[in-house]
Structures are given as C-alpha cells and as structure tokens.
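Given these sequences and hints, build the entire structure.
Protein chains: 2
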Amino acid sequence: MTSSSSRRKRLGEFEIIAKFFAPLASESGAFGLKDDVATLAHRSGQELVLKTDAIVEGVHFLSDDPADLVARKALRVNLSDLAAKGAEPVGYLLSLSINAKTGTPWIKRFAQGLAHDQKTFGLSLLGGDTTATPGPTTVSVTAIGWSPLGALPRRSGAKPGDLVFVSGRIGDAGAGLALLQEKSRAKGKSYTTLVSRYRLPEPRLALGRALRGIAHATIDVSDGLLADLGHIAETSKVRIAIKADAIPLSAAFVDKLGKKRRAIVHAATAGDDYEIAFTAPPSARDALKRAAAQTGTPVTEIGRVEGGKGVVLLDASGKRIPVKRAGYTHF
Amino acid sequence: MTSSSSRRKRLGEFEIIAKFFAPLASESGAFGLKDDVATLAHRSGQELVLKTDAIVEGVHFLSDDPADLVARKALRVNLSDLAAKGAEPVGYLLSLSINAKTGTPWIKRFAQGLAHDQKTFGLSLLGGDTTATPGPTTVSVTAIGWSPLGALPRRSGAKPGDLVFVSGRIGDAGAGLALLQEKSRAKGKSYTTLVSRYRLPEPRLALGRALRGIAHATIDVSDGLLADLGHIAETSKVRIAIKADAIPLSAAFVDKLGKKRRAIVHAATAGDDYEIAFTAPPSARDALKRAAAQTGTPVTEIGRVEGGKGVVLLDASGKRIPVKRAGYTHF
Numbered sequence: 001m002t003s004s005s006s007r008r009k010r011l012g013e014f015e016i017i018a019k020f021f022a023p024l025a026s027e028s029g030a031f032g033l034k035d036d037v038a039t040l041a042h043r044s045g046q047e048l049v050l051k052t053d054a055i056v057e058g059v060h061f062l063s064d065d066p067a068d069l070v071a072r073k074a075l076r077v078n079l080s081d082l083a084a085k086g087a088e089p090v091g092y093l094l095s096l097s098i099n100a101k102t103g104t105p106w107i108k109r110f111a112q113g114l115a116h117d118q119k120t121f122g123l124s125l126l127g128g129d130t131t132a133t134p135g136p137t138t139v140s141v142t143a144i145g146w147s148p149l150g151a152l153p154r155r156s157g158a159k160p161g162d163l164v165f166v167s168g169r170i171g172d173a174g175a176g177l178a179l180l181q182e183k184s185r186a187k188g189k190s191y192t193t194l195v196s197r198y199r200l201p202e203p204r205l206a207l208g209r210a211l212r213g214i215a216h217a218t219i220d221v222s223d224g225l226l227a228d229l230g231h232i233a234e235t236s237k238v239r240i241a242i243k244a245d246a247i248p249l250s251a252a253f254v255d256k257l258g259k260k261r262r263a264i265v266h267a268a269t270a271g272d273d274y275e276i277a278f279t280a281p282p283s284a285r286d287a288l289k290r291a292a293a294q295t296g297t298p299v300t301e302i303g304r305v306e307g308g309k310g311v312v313l314l315d316a317s318g319k320r321i322p323v324k325r326a327g328y329t330h331f
Numbered sequence: 332m333t334s335s336s337s338r339r340k341r342l343g344e345f346e347i348i349a350k351f352f353a354p355l356a357s358e359s360g361a362f363g364l365k366d367d368v369a370t371l372a373h374r375s376g377q378e379l380v381l382k383t384d385a386i387v388e389g390v391h392f393l394s395d396d397p398a399d400l401v402a403r404k405a406l407r408v409n410l411s412d413l414a415a416k417g418a419e420p421v422g423y424l425l426s427l428s429i430n431a432k433t434g435t436p437w438i439k440r441f442a443q444g445l446a447h448d449q450k451t452f453g454l455s456l457l458g459g460d461t462t463a464t465p466g467p468t469t470v471s472v473t474a475i476g477w478s479p480l481g482a483l484p485r486r487s488g489a490k491p492g493d494l495v496f497v498s499g500r501i502g503d504a505g506a507g508l509a510l511l512q513e514k515s516r517a518k519g520k521s522y523t524t525l526v527s528r529y530r531l532p533e534p535r536l537a538l539g540r541a542l543r544g545i546a547h548a549t550i551d552v553s554d555g556l557l558a559d560l561g562h563i564a565e566t567s568k569v570r571i572a573i574k575a576d577a578i579p580l581s582a583a584f585v586d587k588l589g590k591k592r593r594a595i596v597h598a599a600t601a602g603d604d605y606e607i608a609f610t611a612p613p614s615a616r617d618a619l620k621r622a623a624a625q626t627g628t629p630v631t632e633i634g635r636v637e638g639g640k641g642v643v644l645l646d647a648s649g650k651r652i653p654v655k656r657a658g659y660t661h662f
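Line by line, the protein sequences give chains A and B.
All letters in the first sequence, in the order written, are residues 1 to 331 by this note's numbering.
All letters in the second sequence, in the order written, are residues 332 to 662 by this note's numbering.
Warning: the hint list may mix true and false statements.
To be verified - Taking CB as the label site, the calculated pair distances span:
hint, chain 1, residue 1, chain 2, residue 2, range
1, A, G122, B, K568, 28 to 34 Å
2, A, P148, B, K350, 30 to 36 Å
3, B, K590, A, P148, 58 to 64 Å
Said to hold, decoys possible - Short derived list, chain A residues pointing at chain B, Cβ under 7 Å:
hint, residue
4, K34
5, L40
6, H42
7, A84
8, K85
9, G127
10, D129
11, T133
12, P136
13, T138
14, T142
15, R154
Said to hold, decoys possible - Which stretches of chain A does chain B cover? Using the computed rule of at least three CB atoms under 8 Å from a CB of chain B, they are:
hint, stretch
16, 47-57
17, 87-95
Quick caveat, the hints were computed from the structure, so don't treat them as lab data.
Small disclaimer: the values here were computed from a predicted structure and weren't measured.
Where a beta carbon is used, it is the ideal one built from N, C-alpha and C, also for glycine.
Structure below.
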C-alpha cells in the first residue's frame with residue numbers, strides 16, 4: 001500500500017472508526033466493528049435483499065452539500081431500491097473514501113447524519129471501510145433487507161392492460177439541482193423545497209411494502225421517470241404510454257419551472273426522484289387507493305401498458321411528445 | 332445529478348453493464364443485473380458473513396497495474412477476511428467509480444479479471460453500480476459468504492498460554508510494493524515473485540475452514556503482522572510476544588531484502604500480506620499440522636499469548652526489538 005496522506009494532525013483511521021462509526025454498529029453481528037466481518041442471522045420465511053450504490057462528490061452531490069445530508073442521501077438512494085421491491089431494510093455496509101483534505105468535523109457531521117437515518121429507518125451499520133483518497137469523496141453503501149420468500153415484484157412483471165402509477169411528485173429533485181447549479185439568488189420557499197428534495201430523497205418504504213401482491217412490476221425512479229419506465233418496458237417486453245399532463249408536479253416545481261411542455265419533459269427525464277413507479281391491473285385501483293391512504297403516500301395514475309416496446313410521452317390529444325434523452329446516465 | 336463526462340465516444344453505462352458485467356451475474360437471484368436489487372436464499376444452519384473493502388488508485392493499487400489484477404485484488408482483499416473467519420464465499424456486490432478518462436479496454440480487462448476469480452472461488456456477481464468519477468478509480472466490493480451458525484472465530488478469543496501462528500510467508504507484498512515504487516531495474520525471478528504477491532493476494536480460504544474449532548482467535552493480515560496481532564491483543568485483552576526469527580520469509584524476500592533485523596521489521600509491519608494470523612492452544616499442534624498438510628498451506632508457529640497487553644517483537648535472546656510503527660493506516 002502507498003500512503004497518500006499521513007502527516008496531517010488529525011484523527012487516524014482507527015480513531016475515526018472507534019469514535020464515529022463503532023457507535024453506529026448497533027446490531028450484535030456487527031461486533032462493534034471490532035472484527036474482520038459481520039454476521040447476520042436468518043429470518044425464517046424470508047429472503048435477503050441486497051443493493052449497492054455509490055455517490056461521488058461533484059457527480060451525485062455537491063462539494064458544499066452539508067455532510068450529514070450527504071450521508072443520509074447515500075443511505076436513502078439504496079433504501080429507495082429496497083422500497084421499490086417491498087423489502088424491509090435492516091442494515092448496511094459503508095465503504096467511505098474521503099478526500100485527504102477533509103477535516104474531522106466533516107466526518108463527525110457525516111456520522112451524525114448516518115445516526116439520524118439509522119433511527120428513522122431502524123438500521124444498523126454492519127461493517128465499513130474508511131480510506132483517504134486524493135480525489136473526490138466517494139460514499140458507497142450496500143444496503144441489506146428482508147422480503148417474504150418469493151414476494152419480490154420484478155421489473156419484468158408488467159402486462160398489457162396494466163395501468164402505470166407513480167408515488168409522490170416528479171421533477172422536484174431535478175429542479176433543485178438546476179437551482180443549485182445556476183446559483184439562483186431568488187431563494188424563498190419553493191427554492192428550499194426543491195433543493196431539499198434533491199439533497200434528501202424520501203424512500204417510499206411503507207408504500208413499497210403495501211404494494212406486495214398488488215403491483216405487477218416496480219422500479220425506483222432514479223435515472224428519470226421515462227428512463228426507468230423504459231427498463232420496465234424492456235424487461236417486460238411491453239410498450240408504456242405516459243400522459244404528460246398526468247405526471248404529478250409539486251406546487252414548488254410549478255412555481256419555479258411552470259407547467260408547460262418543456263417543464264414537464266424536464267421533470268420526466270431529470271432523475272433523482274427516488275419515487276416508486278409501478279404497474280398494476282385496473283382491478284387493483286381500490287386496493288391502491290387504500291395503500292396510498294394507509295401509508296400517507298400520494299399515488300398518481302399516469303399511463304398504461306400496451307403491446308409493443310419502448311416508452312412514449314403523450315399530450316392531451318394523444319400525440320407523441322418528442323423526448324431527446326429519457327434520463328440520466330453516469331457515463 | 333451532474334454529468335461529469337458524457338461527450339466521449341465510448342460505451343454508455345447500460346451498455347457497459349450489459350456487455351461486461353451482466354454475464355458475471357450467474358446466481359439466479361442476481362436477475363442478470365436487470366432489476367433494482369438482488370436476492371439471496373437462506374442456507375439452513377448457516378449464518379451470513381459480510382465484508383466490505385475498497386481499493387483506490389494511487390493508494391491501494393498503482394495506475395499502471397493491469398486492470399484484470401486490480402479486479403482480482405479488489406475481490407481477494409475481501410475474500411481474505413472471509414477466509415480468516417472460515418466462511419465460504421458465494422458472491423459479491425461491486426461499486427465501481429471509474430476515472431472518466433478510462434477507456435473501454437480497461438473495463439473489459441477488469442471484467443475478465445472478475446470472471447477469472449469468480450471461477451477460481453465459485454462466486455457470482457450479485458449487484459453493481461458503475462459511475463464515472465473525475466478522481467482516481469475506486470473499486471468497492473462487498474463480499475458475502477456463509478458460515479456454520481455460531482462457528483465464527485473472533486478476534487477476541489485469544490487466551491494466555493495460546494501459541495501464535497501465521498500462514499504463508501510474511502513481507503513479500505510489502506517488498507513487492509517497495510520494488511515497484513523505486514522502479515527497480517534489476518528485475519529477475521525474485522522481483523517477479525514479490526511484485527505478483529503485492530498485486531495478487533492469495534486468500535487462504537481452505538485453511539480458514541480447516542481452522543474452525545481449532546483456532547481461538549483469527550485475523551487476516553492486511554495492515555501489517557504486528558498491527559493486526561495488535562487487534563487480537565486489544566480485543567482479547569492479552570499480550571502477544573512474537574519471535575522475530577520465527578517469522579516466515581520467502582526465498583525471494585531474503586534474496587532482495589536480506590534477513591537482518593531491519594528486513595524482518597519491514598516484513599512484520601509492511602502489510603498487504605493477506606495471510607491468516609491466529610492463536611490456538613498447544614494441544615492443537617497436531618491438528619494444525621494436519622490442517623496445513625490437507626490444505627497445502629504453510630503454517631508457522633511464531634510466538635505466544637501471555638497475560639498483559641500489546642504486541643512485542645523479540646530477538647533470539649528474548650530482548651525486545653523496538654518497532655516505530657506496527658503497520659499501515661489509511662489516514
């Protein structure tokens with residue numbers, strides 16, 4: 001190994017782990033982060049659900065984003081995948097490559113963010129790796145949950161005749177990022193709402209569990225609504241038609257970007273929403289209404305599944321709206 | 332999300348996943364990387380064993396290290412932890428942040444390295460995340476294995492009166508790194524051996540399983556022999572005394588660095604060995620000989636566990652050898 005940084009006066013690797021991360025390892029199988037590995041006991045009748053996702057400074061979060069929100073976002077983008085599959089999260093492993101110039105206060109605040117969301121979602125840190133990097137800080141999380149054996153809804157389950165639904169509001173996070181990037185001076189309430197939706201997604205865990213046995217196909221919306229529905233269309237071998245006017249927009253979004261066609265296309269392709277998009281048969285409408293009410297999660301019908309392939313965005317007269325790029329890719 | 336790189340002519344994120352990584356997802360629960368998550372069915376009478384570790388370009392591997400060896404090293408540093416705990420690896424999740432200037436051939440060769448070691452160790456890729464980064468390439472792996480329920484040897488199990496053992500040879504990888512860093516021109520056979528020991532650790536999986544029920548405390552040697560034995564001493568609340576002359580050195584190591592005190596201290600503190608250090612009672616000597624022979628793994632007795640605390644390195648007359656730094660830390 002080559003040492004990239006060792007002469008600064010600050011806490012060392014083991015001190016950082018002992019002081020900030022060991023207290024987060026509440027599960028007994030994490031051994032207080034004092035062993036090489038963690039263990040996890042089985043839950044009868046359940047299967048393990050796994051997801052890994054990384055966020056990179058300057059790519060998925062901004063250098064001046066607050067450290068506690070960076071930590072919580074890193075957790076939540078993974079929890080959102082578990083949510084879309086109706087899984088119950090129990091813990092996570094953290095691989096943290098911290099830029100060598102980062103001071104201890106940043107790490108402390110980062111750990112406070114983890115502690116906050118561990119409480120919110122009932123999680124334990126199960127294992128971790130902390131290293132210094134000469135490059136941007138990179139936070140890689142592997143989230144672990146449980147799902148009743150065989151109950152996991154797949155991307156491939158959509159059937160012609162299904163309706164298409166989405167939770168929450170679409171486009172807020174993309175609008176928040178745009179505002180941060182243009183360093184908008186006109187802040188106000190809508191600004192705060194949109195920026196916080198970018199910085200702190202809300203994984204729809206309760207709704208995801210309520211969709212078990214109702215939804216035919218589910219996905220979490222991270223790359224962009226149309227791009228992610230495209231994954232369902234591809235793996236299910238169907239065509240998905242979305243009504244542009246039906247896409248749920250927040251008041252804050254409309255306040256900042258309006259609701260003309262261009263704004264709607266931005267919302268449907270910007271990504272970072274971390275909502276659940278799913279298909280279900282028309283007979284499930286009542287069950288879905290109850291699931292939405294019981295979990296306090298808005299659910300909106302936005303389109304339908306047909307024979308064919310691909311995803312199309314339609315205007316009020318059923319005419320196709322051209323979309324240049326369905327969503328975000330990391331390359 | 333902000334796009335850090337999108338104008339180069341090369342494969343996109345989804346093409347890279349489909350072409351290079353999806354074929355590695357052999358386990359059915361990985362869904363061919365075509366869903367948000369992976370699932371893993373339970374093995375009766377076993378518990379899950381988890382480990383995450385990242386390697387960073389310029390910190391844990393060198394920019395001109397061959398991509399297939401980088402991939403295999405990223406896997407093996409995690410498998411080594413599973414090995415030290417007697418666990419049987421089944422799969423892994425991969426979070427890959429690739430420097431934006433990296434071309435497709437590098438990624439292709441990286442995936443070939445993964446494929447090679449998946450075959451060697453019987454693994455499946457269970458999930459992944461691929462993203463471009465403006466910084467150094469960072470490879471984060473979460474390895475998953477199984478261990479018979481309750482059989483996992485801990486760092487905390489060492490008892491006064493135990494003997495201390497280590498597998499393989501110590502110091503080769505540290506010497507290999509030193510040779511690479513000084514850009515040595517006198518290469519030859521010893522050079523090749525040491526460099527390859529740095530680039531490609533050998534996780535001692537068979538030995539680790541054979542140590543179940545024999546070893547009192549185990550750890551994988553990654554930060555440095557003395558540093559890692561220090562973790563056993565600390566969590567077991569014992570003192571560990573190591574005989575410098577007993578530390579097993581390879582012919583290649585002695586050829587390049589000699590076997591004087593300074594070379595031995597280098598070997599015992601350099602890290603990256605990925606051998607198993609462990610303690611066991613004197614009554615286990617015969618069982619250990621059999622385990623070593625059956626698994627084709629050298630095992631050497633190097634010291635003993637006493638009451639007290641800390642780790643000491645002793646010369647032939649029992650006098651303490653001063654050691655400035657017991658091992659490597661990442662900060």
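How the hints compare with the structure:
For the pair G122(A) and K568(B), the supplied restraint of 28 to 34 Å holds, since their beta-carbon distance comes to about 33 Å. For P148(A) paired with K350(B), a C-beta distance near 34 Å keeps the hint of 30 to 36 Å intact. The given range of 58 to 64 Å is respected by K590(B) and P148(A), whose C-beta atoms sit roughly 60 Å from each other. A cut of 7 Å between beta carbons decides the hint on K34(A): the least distance to chain B is about 5 Å, and the hint holds.
A cut of 7 Å between beta carbons decides the hint on L40(A): the least distance to chain B is about 4 Å, and the hint holds. A least Cβ separation of about 5 Å between H42(A) and chain B falls short of the 7 Å threshold, and the interface hint therefore holds. Interface restraint check for A84(A): the shortest CB-CB distance to chain B comes to about 5 Å, inside 7 Å, so the restraint holds. Using the Cβ-Cβ criterion of 7 Å, the hint placing K85(A) at the interface with chain B is satisfied: the shortest such distance is roughly 5 Å.
Annotation: G127(A) was flagged as interfacial toward chain B, and the flag holds, the nearest CB pair being 5 Å apart, inside 7 Å. The restraint placing D129(A) at the interface with chain B holds, with a minimum CB-CB distance near 5 Å, inside the 7 Å limit. With its C-beta approaching chain B no nearer than about 5 Å, T133(A) sits inside the 7 Å limit, and its interface hint holds. Below 7 Å, beta-carbon pairs count as interface contacts, and P136(A) has one with chain B at about 5 Å; its hint therefore holds.
Given hint, T138(A) at the interface with chain B, holds; its Cβ is 5 Å from that chain's nearest Cβ, closer than 7 Å. At its closest, the beta carbon of T142(A) sits 4 Å from a beta carbon of chain B; the interface hint therefore holds under the 7 Å criterion. Look at R154(A): its Cβ gets to within about 6 Å of chain B, closer than 7 Å, so that hint holds up. Counting residues of the stretch 47-57 of chain A whose beta carbon lies closer than 8 Å to any beta carbon of chain B gives 9, which meets the minimum of three for the stated coverage.
Under the rule that three or more residues need a Cβ within less than 8 Å of chain B, the assignment of the stretch 87-95 of chain A holds, with 4 such residues.
Of the hints listed earlier, there is not a single one the structure fails to meet.
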